[in-house]
Amino acid sequence: MKILIIEDEFLIAEGVSLTLQSAGHAVTGIAEDLPTALALAGQEKPDMAFVDIKLANGSNGLDVARELKAMGIACVFATGNPPNKAQAGGVGLGYIAKPFSPRVLVQTAAFVAGTLSPCGPAAAAPHGFVTL
Amino acid sequence: MPIDTDASLARRTVRARAARVSALLLGGLFVGFLLLVVFFIEYRRAIDWVDHTHKVISAVEELQSALADAESGQRGYLLSLDPRHLVPYEEGRERSRALLDRLRALTADNPAQQDKVTALRSLTADRLDRMAELLRRAKEAGVAWAPAPVREGIGAGMMAEIRRMTATMRVEEDLLLAGRSRHATILELLMIAYGIVFVTVTGWLCFSTVRRMERDYQAERAEGEALAATLQENRVLLDEVNHRVKNSLQIVANLLRTQAMRHRSEEVRQELLDSSSRVLAIAEVHRRLYGEGAVYDTVELTDLIRSIAENAVPPTGGAEPSMTLAAGAPLSAPVDTAVPVALIVNELLTNSYKHAFPNGRRGRVTVDMAVAGNEVRIDVADDGIGLPEGVASGGGGFGLNTVRNLTRQLRGRLEIERLTPGTRFLLTFPMKPRAPTQA
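Here the protein sequences come in this chain order: A and B.
Counting in the numbering used here, the first sequence runs from 1 upward without gaps.
Counting in the numbering used here, the second sequence runs from 1 upward without gaps.
If you are wondering where the hints come from, they were derived from the structure by calculation, not from laboratory data.
Hints should not be assumed to be uniformly reliable.
[Said to hold, decoys possible] Derived CB-CB ranges, DEER-like: (1) A:Ala70 x B:Lys354: 40 to 48 Å; (2) B:Arg364 x A:Lys85: 35 to 43 Å; (3) B:Ala228 x A:Cys119: 35 to 43 Å.
[To be verified] If you want the footprint, here are the derived chain A segments under chain B, 3+ residues with CB under 8 Å: (4) 5-16; (5) 98-112.
Given the structure is predicted, the values throughout are model-derived calculations rather than measurements.
C-beta atoms are modelled at their ideal positions from N, C-alpha and C, and glycine is treated no differently.
Make a model of the complete structure from these sequences and hints.
Below, the structure is given as structure tokens:
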């Protein structure tokens, strides 16, 4: 899968990127705020994005997810401040709470890939992933 | 739970003092009210005495009038022998007697007046007797001989004496009336003045009490709002701190992992990955303590161990993870138990995955947790190649030594059993079950 990472902490973004790449995914870029995220999304057309809530330059991950969803990109929040259903408003599939393990990250990406495939997800949501 | 601030303690002291003063003032007001009642009763009594004096004066005047009527009637009969003149005489006579009785009753409080009434009664009786005698003689004589006895002037003299007596009584009563009226007027003025003061003081007391209560209420509300604002600020700060800690733990784990993946040496890479895994084990505890807007002081062990067991499974490998966890009520553990347990379980599982199944060997790793009374038992077992000789009896690397030290910290026991095949690690430690609580 082509995955976009939206995270303003470089060291977290780099770790996430390396883990996903080791699992065989393609990381299309790392964005730290809304304008960069939209630019990368428009350019690279990823299948999904991992989105942090608190971003740089006053950007909010919920706004980013709303825009990406409008572009047909599935979003999973990867955040230390998990949103509730009312806040997420149907813009994200779910969230994984920081600090998450590489296993949770990889299994979540696999679950989303299954969700996006015409056959639907092969397995139940992984432990550590919370559906919104 | 209410928080005592300096301001609230000071206010409480002032309020207690004000309550004591108010109690005193209320007591004073009550006594004042009683005094007002006493004033009123005295005033009513004074008014009654004034009325009483008027009645005595009135009775004296009526007596004079009754005697005059009797005399007039008698004179008329004596002059004309007309029986119609006897009516006013008889009426006057009866009224005089009744009035004398009334005067006696009305002046019962005044010995001097009582003596005068006694003298008056005697004079009146004599006068009435003389009148009756003259009338009897006039009836018998049948002629108008009355002028002779009238010219004698005996009756006139008696009447003069009676008038002098009644005049004396009247003067006495007038003096009493003046005094009593003055007394009633003074009481009335005192009562009015006192009433005004009483109402003013009561009004002022009520007003100042209400104003003080209003000021207290406003001050408390302002303080409450300030406290609530501070509390909210602290919550926001705490949330921010928690967010920073979570990010930091994620950064540390990722840094170690990233560094591992870039290292050429397999041994160093594995050590760094192990360290990353330990950081994530501690992070699992932290994530459960500091949730969304809530701070807890216990961690649910079953869920914690499940997460650690899930995270310990390598992404690829031959071992199939299998987990059995204790059924029943969740087991809450304080943070100083949860962290060592998390690290121990993480260490035992990663050791099994790393060492028990070399060269693509397949197998199972199981985790069991059970509670028996005040003792918790965590059983980590695999069906791999087993521990090298000497490890079970005290040897082993950094990981197993860490496990032994953490077991000691838990005041627990670690039993290592060689299985056929595989290895079993049984950790037991004491812990009193606690209900989950929010700090």
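Hints versus structure:
Evaluation of the 40 to 48 Å hint for Ala70 of chain A and Lys354 of chain B yields a pass: the beta carbon distance comes to about 46 Å. Checked against the hint of 35 to 43 Å, the pair Arg364 of chain B and Lys85 of chain A passes, with Cβ atoms roughly 38 Å apart. The supplied range of 35 to 43 Å is broken by Ala228 of chain B and Cys119 of chain A, whose beta-carbon atoms lie about 53 Å from each other. Check result for the stretch 5-16 of chain A against chain B: holds, 6 residues qualifying (beta carbon to beta carbon below 8 Å, three or more required).
With 8 residues carrying a beta carbon less than 8 Å from a beta carbon of chain B, the stretch 98-112 of chain A meets the three-residue requirement, and the given coverage holds.
Of the numbered hints listed earlier, the single one contradicted by the structure is hint 3.
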